[in-house]
Every structure is written in structure tokens, then in C-alpha cells.
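Engineer: Chain by chain, the residues:
Number of protein chains: 4
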Amino acid sequence: MRTLLIITLFVFSITDNAFCQTSGTIVMDEVVRVPARHEIALPDIPGYKTLKCDFHIHTVFSDGVVWPTLRVDEAWEDGLDAIAITDHIEGHPKKLPGQNHQSYEIALPVAKAKNIILIKGGEISRGMPPGHLNAIFVTDVNALNVPNYMDAIGETVRQGGFVMWNHPGWRKQQPEITRWMAEHEAIWQKGWMHGIEVFNEKEWYPEALQWAQDKNLAIIGNSDIHDAYNKRYNREQFPIRPMTLVFAKECTEESIKEAMFARRTATLFFNKLIGPKELVEPLVNQSIQVSKPFLYQDGFIYFEVENTSDIEFTLVKMGKDDSGLPEKTILPCKSTIIARVKQQADQPRTYSFKLENVLTGVEKPMELTFNIK
Amino acid sequence: MRTLLIITLFVFSITDNAFCQTSGTIVMDEVVRVPARHEIALPDIPGYKTLKCDFHIHTVFSDGVVWPTLRVDEAWEDGLDAIAITDHIEGHPKKLPGQNHQSYEIALPVAKAKNIILIKGGEISRGMPPGHLNAIFVTDVNALNVPNYMDAIGETVRQGGFVMWNHPGWRKQQPEITRWMAEHEAIWQKGWMHGIEVFNEKEWYPEALQWAQDKNLAIIGNSDIHDAYNKRYNREQFPIRPMTLVFAKECTEESIKEAMFARRTATLFFNKLIGPKELVEPLVNQSIQVSKPFLYQDGFIYFEVENTSDIEFTLVKMGKDDSGLPEKTILPCKSTIIARVKQQADQPRTYSFKLENVLTGVEKPMELTFNIK
Amino acid sequence: MRTLLIITLFVFSITDNAFCQTSGTIVMDEVVRVPARHEIALPDIPGYKTLKCDFHIHTVFSDGVVWPTLRVDEAWEDGLDAIAITDHIEGHPKKLPGQNHQSYEIALPVAKAKNIILIKGGEISRGMPPGHLNAIFVTDVNALNVPNYMDAIGETVRQGGFVMWNHPGWRKQQPEITRWMAEHEAIWQKGWMHGIEVFNEKEWYPEALQWAQDKNLAIIGNSDIHDAYNKRYNREQFPIRPMTLVFAKECTEESIKEAMFARRTATLFFNKLIGPKELVEPLVNQSIQVSKPFLYQDGFIYFEVENTSDIEFTLVKMGKDDSGLPEKTILPCKSTIIARVKQQADQPRTYSFKLENVLTGVEKPMELTFNIK
Amino acid sequence: MRTLLIITLFVFSITDNAFCQTSGTIVMDEVVRVPARHEIALPDIPGYKTLKCDFHIHTVFSDGVVWPTLRVDEAWEDGLDAIAITDHIEGHPKKLPGQNHQSYEIALPVAKAKNIILIKGGEISRGMPPGHLNAIFVTDVNALNVPNYMDAIGETVRQGGFVMWNHPGWRKQQPEITRWMAEHEAIWQKGWMHGIEVFNEKEWYPEALQWAQDKNLAIIGNSDIHDAYNKRYNREQFPIRPMTLVFAKECTEESIKEAMFARRTATLFFNKLIGPKELVEPLVNQSIQVSKPFLYQDGFIYFEVENTSDIEFTLVKMGKDDSGLPEKTILPCKSTIIARVKQQADQPRTYSFKLENVLTGVEKPMELTFNIK
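Residue numbers (our numbering), protein chains in the order written: chain Z, 1 to 373; chain A, 1 to 373; chain C, 1 to 373; chain F, 1 to 373.
Hints were generated in silico from the structure; no laboratory data involved. Accuracy of the hints is not assured; some may be wrong.
Since copy identity is lost for identical chains, a pair holds within one copy or between any two.
To be verified - In silico SDA-like cross-links for lysine to any residue, where the CA-CA straight-line distance does not exceed 20 Å:
| # | residue 1 | residue 2 |
| --- | --- | --- |
| 1 | K215 | W180 |
| 2 | K215 | P276 |
| 3 | K328 | E155 |
| 4 | K95 | D63 |
| 5 | K112 | Q213 |
| 6 | K112 | E183 |
| 7 | K172 | S23 |
| 8 | K190 | N216 |
| 9 | K190 | S23 |
| 10 | K249 | F294 |
| 11 | K172 | V32 |
| 12 | K95 | T69 |
| 13 | K342 | E304 |
| 14 | K112 | P293 |
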């Protein structure tokens with residue numbers, strides 16, 4: 001019990017009354033956060049792992065204000081599986097003169113030690129058109145720093161990289177409406193545009209979702225974080241950070257790359273989930289469990305609806321009926337609600353909802369049906 | 001898409017700008033809490049379900065300040081499976097003159113509708129000795145309201161009830177030390193004391209734990225709540241309320257009763273878990289998952305330790321070694337930490353810890369061992 | 001130092017390591033909330049104190065679920081100065097048979113001990129028309145329990161009471177639109193309607209605001225709380241509860257009554273403030289302080305805007321200019337922001353805003369002007 | 001009303017239902033934090049302003065992980081008045097080869113625009129003895145980068161700088177006990193040691209407090225932050241960051257310097273306040289207001305104790321009496337509690353407390369007396 005005795009004395013020293021003691025350093029461990037990875041509850045879907053990724057992140061090596069290793073620590077604490085640090089390829093000459101684009105190299109040892117997949121990348125940052133594009137899974141970022149943007153994109157493709165169009169509806173670059181310009185068409189025609197940000201930082205772009213589906217681009221959502229993450233976002237209300245979901249065969253960089261080129265992606269941002277029906281539906285269906293009725297009383301049936309995920313769902317009743325269900329139901333994360341419906345015990349019925357926070361296309365909320373018998 | 005249109009107008013009406021509108025009620029749904037049950041992550045153990053119970057609760061029908069139905073709503077929101085409302089059997093004559101002890105009857109319809117198991121009970125409340133005892137699983141609470149406490153206990157047993165000694169170390173009744181008096185011995189000798197509160201409200205009693213183990217009493221922990229729960233407790237820091245864990249074959253009242261008479265209970269309060277080794281160890285072992293090493297580097301092995309439960313664990317290293325592990329490690333709820341140990345890739349090693357927050361007896365922290373190869 | 005020694009031992013006993021001790025009750029004071037009144041920062045206005053009041057509250061003596069004393073404790077913790085408990089005058093016969101309307105009498109001793117002004121009242125609760133009306137400052141609530149609502153109102157007035165129309169836009173009673181019916185007109189014509197709820201629970205009623213101003217009724221906002229307050233509302237996001245502000249000469253019941261009959265009231269609910277211009281403007285003007293410029297640089301002037309109150313303000317710039325001010329500015333409670341405007345050091349300018357969250361009438365956001373030189 | 005119309009459309013676009021819209025960027029402003037300075041409630045004392053300062057801060061220019069401008073933003077949001085960025089003078093050669101110590105120059109424009117006083121400084125970082133010392137109010141940090149530490153200190157003094165000994169009880173440098181070594185004596189004898197950290201990051205050092213008082217050193221407390229502030233600290237529980245309080249004639253750099261050389265400082269960290277009696281007592285006395293009794297009843301007097309500051313105070317009753325006051329009372333920040341004492345209305349009495357969280361010396365909790373009549 002010797003070890004415990006030592007602990008006893010140690011713990012004693014951090015109590016309030018130790019505030020009065022005459023000697024010895026008092027360590028107040030309770031004032032700092034415990035370093036830990038907070039797992040995000042999102043189910044895998046049949047055949048694939050649901051990987052949580054952020055492919056658009058900045059550091060002091062461009063216009064961000066934090067060191068690359070901090071980005072890995074943040075991603076680990078936030079429960080991500082993979083990130084790409086994508087500093088502007090053109091650099092930030094006045095800020096760190098003479099420094100190369102080296103975020104990847106600096107962050108890599110920490111990523112290995114934290115079991116985070118770090119993907120090499122950079123942001124090709126031009127005026128509109130074509131605006132900003134992320135190149136990830138590349139091997140030599142500095143080789144992309146060439147005057148002509150099409151050359152930069154071509155070099156990305158030559159390196160085996162994946163190209164996504166960033167924040168296509170950013171009002172600073174597209175002040176009036178969000179347009180697919182001739183330059184984007186040209187990149188796409190070459191087969192050089194693979195994905196598009198449907199969400200960026202705090203914005204989402206319905207046009208980008210439509211293009212993603214019309215032109216077979218991967219649906220992407222990223223934080224584009226420049227500030228320290230916990231300083232920028234309202235985490236009390238929104239603990240889960242925005243992300244691209246990649247449905248990969250394994251939790252490896254190769255597998256993520258394969259999934260992204262195969263367009264098996266979706267985006268989750270602040271309880272909103274957008275992605276192809278065939279990926280999003282199984283994820284939601286595994287997140288929401290409907291129990292058998294546990295009570296029949298006075299012509300009503302009672303059953304439980306459990307949400308095992310970290311996404312808050314909003315169910316809107318479809319059609320008019322006499323079930324007594326409310327028009328709108330919130331199903332908070334990791335919670336159960338009780339539904340009470342006017343139904344006879346021996347007469348099965350079906351209840352259908354639109355999930356206001358889950359889109360499988362523009363103006364296409366996912367539908368969800370409960371069969372109760 | 002007509003339903004959505006309706007919703008659109010509705011949602012529009014709750015936005016800030018609606019603050020300026022000329023007519024129509026504006027409903028600010030965001031200001032109220034969504035009614036939902038927040039599931040507590042605690043694994044079942046082989047052969048048994050881990051049920052979360054609170055067997056000591058008051059209402060306006062004694063010296064509490066809330067209506068019985070609110071107790072069910074609170075229990076449901078807090079993720080409990082079963083509760084007993086245990087108003088003082090002697091009542092509170094000045095408060096509600098002419099009212100019988102009727103908390104159970106009032107709360108029962110809400111309990112059924114919320115799928116909460118409501119157990120009938122009351123508190124036999126006398127000066128010390130013997131102090132206060134809860135009688136639960138009884139059929140007629142008012143029949144226990146007799147002058148002699150032993151008669152009240154006898155009647156409880158006659159009704160098939162379970163008797164627990166409440167807050168045995170409450171300083172108001174045992175001002176100096178916590179004593180097992182002749183009167184408690186007499187009750188126990190008759191076989192009429194079945195359980196004992198090791199935890200009550202904000203207090204825990206090491207003596208009670210020792211007696212529970214020496215005398216084969218069920219280990220119980222209850223809130224003894226009188227106030228509204230969310231007003232009384234510091235929920236931001238301690239979201240999980242104190243409870244008795246019952247390891248039952250099924251989630252039914254009968255099964256809970258069987259488990260309690262069989263002493264298959266433990267108590268969880270504010271990240272502290274106390275119970276018999278054979279029940280607590282499998283619960284903890286299923287909560288803590290150790291990964292295979294994911295990195296070997298510079299003579300160190302890295303592996304992940306995941307806590308899938310809602311209990312925060314505190315690991316204290318046993319013995320002295322050169323592993324580089326810290327003396328004390330916090331493993332927050334639903335989180336993963338990374339351990340880095342000095343170890344060769346081809347030489348398996350074992351690391352042992354005491355769990356400071358898990359007791360299987362007085363001064364017996366549970367031991368936990370990681371086998372890393 | 002003997003007292004401190006005792007404390008030392010006490011504090012020692014609540015530390016984590018005490019979890020392993022062999023004897024003695026361990027009191028975990030940190031798990032419960034410290035009982036304290038949280039002062040709300042709202043300035044007085046010239047000539048009057050700004051009193052924080054809730055005039056619509058229920059208990060177990062009608063359809064509420066808490067005991068009257070809890071309502072006083074809640075009000076005290078929430079920083080209110082005065083409350084009226086207004087159980088339905090018609091009672092709740094099935095709930096507590098044989099019990100009179102006695103919330104006031106039960107709550108009064110606690111109110112005195114907490115320095116809370118408790119105003120006697122009740123809710124005259126009928127179908128629409130006329131719906132529900134609160135009678136406060138009455139002397140005998142049970143005397144209002146008469147079949148004819150006009151008689152009940154007349155008796156209120158005879159007792160010197162103040163009558164307010166509750167939740168006039170409650171959709172359960174006014175399903176389509178919010179109407180002023182002949183019955184309301186009749187009450188008003190007699191001079192028997194003195195105030196109207198512009199806010200109730202989570203709803204606000206623009207029509208009621210218009211009527212208040214057209215017909216000289218006091219603007220009222222109340223919680224109409226039935227549940228335990230901390231269980232009903234989302235307090236993390238909205239720590240300040242909804243209230244009627246009464247601008248009274250003194251902090252006494254008489255003074256509140258005088259102020260209400262003189263219509264010196266406003267309502268504050270979830271950062272929204274509605275009231276007469278002559279009361280609301282001085283309150284806001286004292287809450288928002290503009291500093292002298294502290295920096296002139298590159299054609300820009302920098303100054304600070306401090307909000308000393310607990311209301312979050314939303315400023316919307318009026319007109320178009322080249323100042324560089326954003327269209328919309330959030331000024332959180334007890335905070336300072338920095339404004340940067342394109343202005344020469346020697347040329348005074350004026351900047352005008354509408355306060356989106358402060359209304360002095362329907363569609364009349366309060367205007368605020370900064371004179372910067 | 002044209003401006004409002006625009007706003008209306010804008011706000012409309014960020015509502016949930018906008019989630020379904022077909023075109024146009026949706027900006028979710030609610031997910032990011034509003035940039036604002038959160039004022040800390042601490043009263044000035046007679047003759048001096050109470051300035052909130054942090055004189056020990058790191059950035060990427062040594063072993064920190066954030067850019068200098070972020071440090072200013074953090075300080076501004078956290079309500080500080082002045083900071084010194086004190087990167088290790090010896091630099092971090094492998095990290096940013098070829099970069100000078102330039103945190104001050106990079107941070108200065110932001111500090112000016114935020115109205116934060118930025119003090120030039122650096123950390124002279126050697127093994128023990130003498131360990132680490134901060135040099136602030138210097139003019140040329142790079143000139144301090146000399147092999148001999150005494151030369152570095154001498155140069156600091158030559159530049160008019162202020163020298164403080166950092167974390168004197170840091171176990172990494174003083175593993176067993178906290179010692180004042182011959183080297184420290186030598187610096188002090190020359191008059192070159194002006195202050196000492198009594199608090200650093202999460203540690204406090206009773207020995208340092210004793211030395212500060214014996215040797216007339218300024219009492220200092222700093223964060224020594226390397227990580228992003230909101231990532232490192234547990235802000236939910238401890239919203240106010242650790243700081244040195246400087247009692248200055250004006251809010252200027254010159255005035256801070258004058259005050260520090262005059263030893264008019266204290267430290268506040270996590271509700272603990274340590275400083276000279278003549279500075280700390282007036283601050284506390286202005287923070288705690290005792291009302292006149294508002295109720296005399298049954299031999300008890302009731303009065304209010306209000307805490308207008310952001311410090312939580314812990315009052316421990318001195319001596320034994322029959323007043324009925326609890327042994328320990330928590331007075332949360334910006335709150336009021338009610339004291340109830342056994343006292344006759346016409347007999348004034350005095351109640352004395354030790355403030356467990358306020359020290360005017362080692363084992364010298366500040367005393368506080370209430371005179372109640």
C-alpha cells in the first residue's frame with residue numbers, strides 16, 4: 001500500500017486547505033483539461049468504416065495562427081481519424097521569410113504518436129476564377145507553387161493527388177451568386193476536379209451540393225480553421241466539429257484515398273448531415289432504434305425511439321394523420337424519446353418523417369419510417 | 001412538399017428577425033430543454049443487465065418539495081431504469097393534513113408511460129437507534145405506520161419487502177462516529193436487514209461498506225433527493241446522478257427484487273464505483289479497452305486505452321518501474337488516451353494499476369492489468 | 001489556529017484519496033450547488049429602481065409540480081425581486097381534495113427570510129373568451145372563485161387588485177389569430193384590465209404589444225412556470241429567466257403596485273427587451289458605454305463599446321456609409337467590443353443603429369447613436 | 001425600414017429551414033464565438049486602478065505553439081489589461097532557423113488595435129541555479145542572449161528592466177524542496193531581483209510567498225502558457241485566468257512599471273488571492289457588501305452578504321459561538337447569500353471570519369468582520 005500512501009500525500013497537497021500550508025509546491029491539476037480523445041458516436045455502415053476527417057486546415061506556415069503540431073492535438077482531442085494540413089501553397093512571404101511549406105513534416109511525428117492519419121496537402125489559392133482548390137494526397141507541395149493554376153492542378157494529378165474546390169459560395173469571391181464558371185468546367189472536363197466543399201467553416205452551399213451530384217464530385221465539408229479551434233467555435237453548444245465523413249474499407253491513408261476517388265463521402269456539420277442516399281441512409285438507420293411498444297393504453301401505443309449517435313435529429317411528420325404525433329420532434333444525441341400514437345394494439349401502422357437535418361440532395365430531406373405493430 | 005412549406009413558415013416565425021413582426025405568436029422553442037432520456041453508458045456484465053436505480057426519493061407527501069410525477073420525469077431524463085419513492089411513512093401532518101401517503105399511486109401512470117419501473121416504498125424514520133430505514137417492494141405503505149419500529153420492519157418483511165438502513169453515518173444522527181448498535185444487530189439477527197446505504201446524497205460511509213461485506217448486506221447508494229434534482233446538484237460538473245446498480249436477469253421489478261435479495265448490487269456516485277469484486281470487475285473490464293500497439297519507436301511502444309463508459313476512471317500505477325508511465329492517469333468518460341511505454345517490440349510486458357475510483361472493499365481499490373505485446 | 005486545524009481535517013476528508021479511508025463519513029460538498037442569489041446586472045433608471053419580477057407562477061396547489069416554497073427559492077437564486085404565485089383560482093380538485101388555495105401562506109415565511117417580495121394572486125382561468133387573467137395584489141383569493149368571470153374580475157378590483165390578460169396569443173385558446181374580443185373590450189371599458197402579457201413562457205405576442213400601447217395597458221412578461229424551473233429551461237444558453245421589469249420608486253410591494261398601475265413596466269425575455277421608449281431607452285443607454293477613441297491609425301478611429309448589463313444586444317447599422325462598420329454587431333453581456341471606423345481624427349461623426357433586440361413598439365426597434373470625435 | 005428588410009432576409013437564410021433551400025450561401029453565425037472582451041469584475045482600490053496582467057507567455061518563437069497575435073486576442077477576450085510575451089531568449093534554433101526573437105514586434109499592432117498594453121520581455125532560461133528569470137520592460141531582448149546569466153540580468157537592469165524569478169518551486173528544476181540558493185542571493189544582493197512568481201501555470205509556491213515578503217519582492221502570478229489558452233485550461237469550471245494584479249496610478253505601461261518596482265502587486269489564480277495586506281484588504285472589502293438586517297424573527301437576525309466581484313470567497317468562522325452561522329460559507333462570484341444569526345434586534349454583534357482563499361502571507365488568511373446592529 002506504499003504507492004497509495006504517496007498518492008495520499010500528493011492528493012492532500014492539492015486540496016483547498018493546502019492553500020495555507022507553509023512549504024512545498026501545490027499542484028492544482030483540476031484547473032487544466034485532461035488530455036484525451038473524445039470519441040464521436042457515429043456508426044459504421046455495412047462494408048465500410050465511417051472515418052471522421054478534416055481536409056482543410058491552416059497553420060502559421062500560411063495565414064493560420066497555430067503551430068502544425070497543435071492541429072494534430074486538436075484533431076485527436078476532437079475525435080477525428082484523419083486530417084490534411086493545407087496551408088496556402090503560395091506561402092506567406094512576409095510572415096516567415098525563408099521558411100518552406102513544412103507543416104506536414106513538423107506535424108508528422110505527433111500524428112504518428114497520436115494515431116492520427118496525416119495526409120499531405122496544400123491550398124492552391126487564386127482569385128476567382130477558379131478561386132481556391134485543395135490538393136491532397138500529394139507528395140511534393142512545393143512543386144505545386146507555379147504561376148499558372150492549371151499547371152498546379154495538373155501537377156497535383158501527376159502526383160496522384162485529389163483536387164477539391166474550396167468554399168465555392170464564399171461571398172468574398174462570389175459576391176452575388178455562386179457560379180460554375182468556364183474555368184471550373186475546364187478543370188472538370190479534364191477529370192481534374194474530384195471533390196467540392198459543400199460546407200466550409202460556418203457556411204454551406206446548396207449549389208455545390210447540386211454540382212456534386214450532377215457532376216459526380218465527392219461531397220466535402222471542412223473547418224478551414226485558421227484560429228485555435230476552441231477559441232473560434234462555440235463548443236458548449238456545438239461540441240462536434242464539422243467534418244467530411246469518408247466511408248473507407250480500412251482506417252488507413254490508402255483506404256481513405258480509394259474511398260474519396262470512389263466518391264464515398266458525406267459531410268456532417270453542426271447536426272446537419274449531407275451525403276448520397278446510399279451512404280447516409282444506413283448511417284442514420286443504424287443510429288435510430290425503434291423499440292417494440294411497451295404500453296397499450298386508452299387507444300394509444302407507447303414506444304421508444306433511441307438515438308445512439310452524436311447527431312441531433314429533427315423529425316418532421318409527413319402527411320396529416322390522427323396519430324397525435326407532433327409536427328416536429330427533436331431527437332437529441334445519445335438519447336431516447338417516447339412516442340405515443342393513437343393506434344390499436346392489433347393493427348400495425350406506419351409513420352413517416354422527413355429528417356430536416358439530413359439531406360440526400362438539394363431539398364431532399366431523408367425519409368424515415370417507423371413500422372409499429 | 002407541402003409539409004415542408006408549413007414548417008418553413010413555422011421556423012421562420014421563431015427567428016430573431018421575427019422579433020419585429022407585426023402579428024402572430026412567436027414561439028421560441030430554443031429556450032426550453034428538449035424532453036429526452038439521456039442514456040448512461042454502462043455495460044451489462046455476463047449473465048446480467050446493469051440496471052440504474054434510485055431507491056430513496058422524497059416528494060411533497062413528506063418533506064420533499066416536488067410532486068411525485070416530477071420524480072418520474074427526472075428519473076427518465078437522467079437515464080434511470082427504476083426508482084422507489086420513499087416518503088417518510090409517518091407523513092408530514094402539518095403540510096397536507098388529511099392526505100394519505102399516495103406518492104406511488106400518483107406517480108404510477110407517468111412511470112408506465114415513461115417505461116420506468118416504479119417500486120412501492122416508504123421510509124421508516126425514527127431517531128437513532130435505529131435511525132431511518134427504507135422499506136421497498138411493499139404492498140401497503142400505510143400499514144407500516146405503527147409506533148414500534150420493529151413492528152414496522154416486521155410488517156415490511158411480512159409484505160415481502162426489502163429493508164435497507166439509510167445514511168448510517170449521517171452526522172445529525174451519529175455525531176461522533178458511525179456505530180452498529182444493538183438495535184441494528186437485533187434487526188439483522190432476525191434476518192430483517194437486507195441492504196445498507198454506502199452512499200446517500202453527498203456522503204459516503206466506509207463503515208457501511210465494511211458492514212455490508214461482513215454481514216452480507218446489499219451495497220446501496222441513493223440520492224435521498226428532497227429538492228428539485230437539477231436545482232440541488234452541480235450537473236455541469238457531474239452529469240450522472242448517484243445510483244444503485246442492480247445486476248438483474250431482466251429489466252423487470254421482479255428481477256430487480258430477486259437481484260437485491262441475492263445482493264447483486266453496487267453503487268455509482270460521482271465517478272466512484274463501489275461493489276463486490278465479482279460484479280464490479282466485469283463492468284470495469286468491459287468499459288476499458290486496450291488496443292494493440294500502433295507504434296514502436298525509439299524504444300517505446302504506443303497503445304490506446306479507450307473508456308466506453310460514462311464513468312471517469314483514475315489509474316494509479318502499481319510498483320516502481322522504468323516504463324515511463326505517469327504515476328496517475330485520468331481516463332475521462334467516453335474517451336481514449338494514449339499510453340507510451342518503454343518496451344521492446346518483441347518483449348511482452350504487464351502493467352498494473354489500482355483504480356483509485358473503484359473499490360471492491362474498504363481500502364481495496366480494484367486492480368487492473370494491461371498485457372502489452 | 002485551532003479553527004483552521006479543524007477545517008484542515010474536514011477538507012482532507014473530502015479529497016479523492018479519502019475514497020480509500022477506513023472510517024468516518026466523507027462529505028462531497030463539491031457535488032451540490034452552492035445556494036446563492038445570482039444578481040442580474042440591469043441598471044436603475046433616473047428616478048426609479050429596476051425591479052425584476054415574475055407575476056405568473058404555479059405550484060402543486062393547481063397544475064404545477066412543485067411546492068410553493070421552492071418557487072421562492074428559485075426566484076431568489078435567479079435574482080428576482082418580487083413574484084406572485086398565481087395558481088388557478090378554480091383549483092385542481094382531483095389533485096389535493098379538500099385543500100384550499102394556500103400557496104401564498106405557505107411561501108410567505110420563506111419569502112420573508114429570503115428578502116423576496118411575495119405578492120398575493122391567482123389566475124382566473126376560463127375558456128376563450130376571455131381566457132385566463134391574473135389577479136394580483138388581492139387580499140382574498142378564494143373570494144374570486146365565483147362562476148361568472150366578470151364577477152371574479154370585479155371582486156379583484158374591489159380588493160384593489162391588478163388584472164392582466166394572460167397569454168393572449170396562446171394557440172390552444174386562439175388557434176388562428178390573436179383577437180381582442182367583445183369580452184375583452186367589456187373588461188377594458190370598465191377600466192378593469194390593467195396589464196397584458198406580451199410574453200409568456202416561450203411565446204411572445206406582437207398583437208398584445210400593440211394593444212398595450214393603444215389601450216394603455218402595462219406591458220407584462222412572465223414565465224408561467226409549472227415545472228421545476230431548471231428542468232424546464234435551457235439555462236446553459238439562457239441563464240437569465242423571463243421577467244417583467246417594474247420601474248418602482250422603492251423596492252417594496254406598495255411601490256411595485258403603484259408603478260404597475262402607472263404602467264411603468266417592460267418585459268425582458270431571453271435577451272429581448274420590450275417596453276415604452278421613455279423607460280427602455282434610459283435603461284439601455286446606461287447599459288452601453290462608448291469610450292473615447294484610443295487609437296487613430298491609417299484613417300481609422302478605434303473605440304470601445306462596453307455593455308455592463310446582462311442583456312446581449314444586437315446592433316444593426318442604419319443607412320449605408322463608408323465607415324467600415326459591419327451590418328450587424330453582437331454585444332454580449334458584460335463585455336466590450338472594439339469598433340473601427342473610417343474617420344479622421346479631427347472630424348466628429350455620428351453612427352446610428354437599430355437595436356434588433358429592443359422594441360419600443362411593434363416593428364419599432366430602439367435607435368442608438370454614437371457620437372465619435 | 002429598408003435596412004431591416006435586408007436583415008430579415010439575411011436572418012431568414014440562417015434558420016434551420018434554410019437547410020432545404022436551393023441556392024445561396026447559408027451562413028451559420030451561431031456556431032462561432034462572438035469576439036468580445038469579457039470584463040473581469042474586480043474593484044479598484046483607493047488611489048489605484050486594479051490592472052489585470054500576465055507577464056509570462058510563450059509563442060512559436062520559442063516553445064509555444066501559437067502565433068504572437070493570438071496571445072493578444074486571448075488576453076483581450078479574457079479581460080486582461082497588459083501582457084508580456086516572454087519567449088525564451090535563447091530561442092528555439094531547430095524550430096524556426098534564422099528567425100529572431102520577434103514576438104513583440106509581430107504582436108504590437110494587434111495590441112494597439114485591441115487597447116492592450118504590450119510589454120517587451122523575454123525569459124532568461126538556464127538550469128537551476130538560477131533557473132528561469134523573466135526580464136520585462138526591456139528595450140532589446142536579443143541583447144540579453146549572452147552566455148553568462150548574470151550578464152543577461154545585468155543587461156536587463158541596464159535597459160531599465162524588471163527581473164522576476166519564474167516558477168521557483170518547479171519540481172523539474174527543484175525536485176526535492178524549493179530552495180533559495182547562493183546564486184539567487186547574489187542576484188538579490190545586487191538589487192537585481194525585483195519580483196518572484198508565487199504562482200505559475202497550475203502551481204503555487206508557499207516558499208516564494210515567504211521570500212517575497214522577507215526580501216521585498218513583488219508577488220507575481222502568471223500563466224506561462226505555451227498551448228492555446230482555451231485548449232489548456234478547464235474554462236467551464238474556471239472562467240477567470242490566472243494573473244498578476246498591479247495596483248497602478250493609471251492604465252499605462254509607465255504606470256505599471258512604477259507600480260511593479262514599488263511592489264504594488266498581488267496574484268489571483270482560480271479564486272485564490274495572495275498579496276500584501278494593505279492591497280488585498282481594500283480590494284476584498286470593496287468586493288463584499290453587508291446589508292442592514294432586513295428581518296428580525298424568533299430571536300434571529302437576517303442580513304445579506306453580496307459579492308460584487310468575480311472571485312469566489314470561502315469564509316471560515318473564527319472562534320466558537322452560538323450564532324448558528326455555519327463553520328464554512330461559500331460566497332460565489334457576483335452573488336448574494338443570506339446570513340441568519342441568533343441575535344437580538346437591539347444588541348449589536350460582531351462576526352469574524354478567515355477568508356480561506358485570500359492570503360496576506362504564508363498561513364495568514366485575511367480576516368473579515370461583520371458588524372451587525
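Engineer: For a quick check of understanding: which of the numbered hints are violated here, in increasing order?
Structural biologist: 3, 5, 6 and 9
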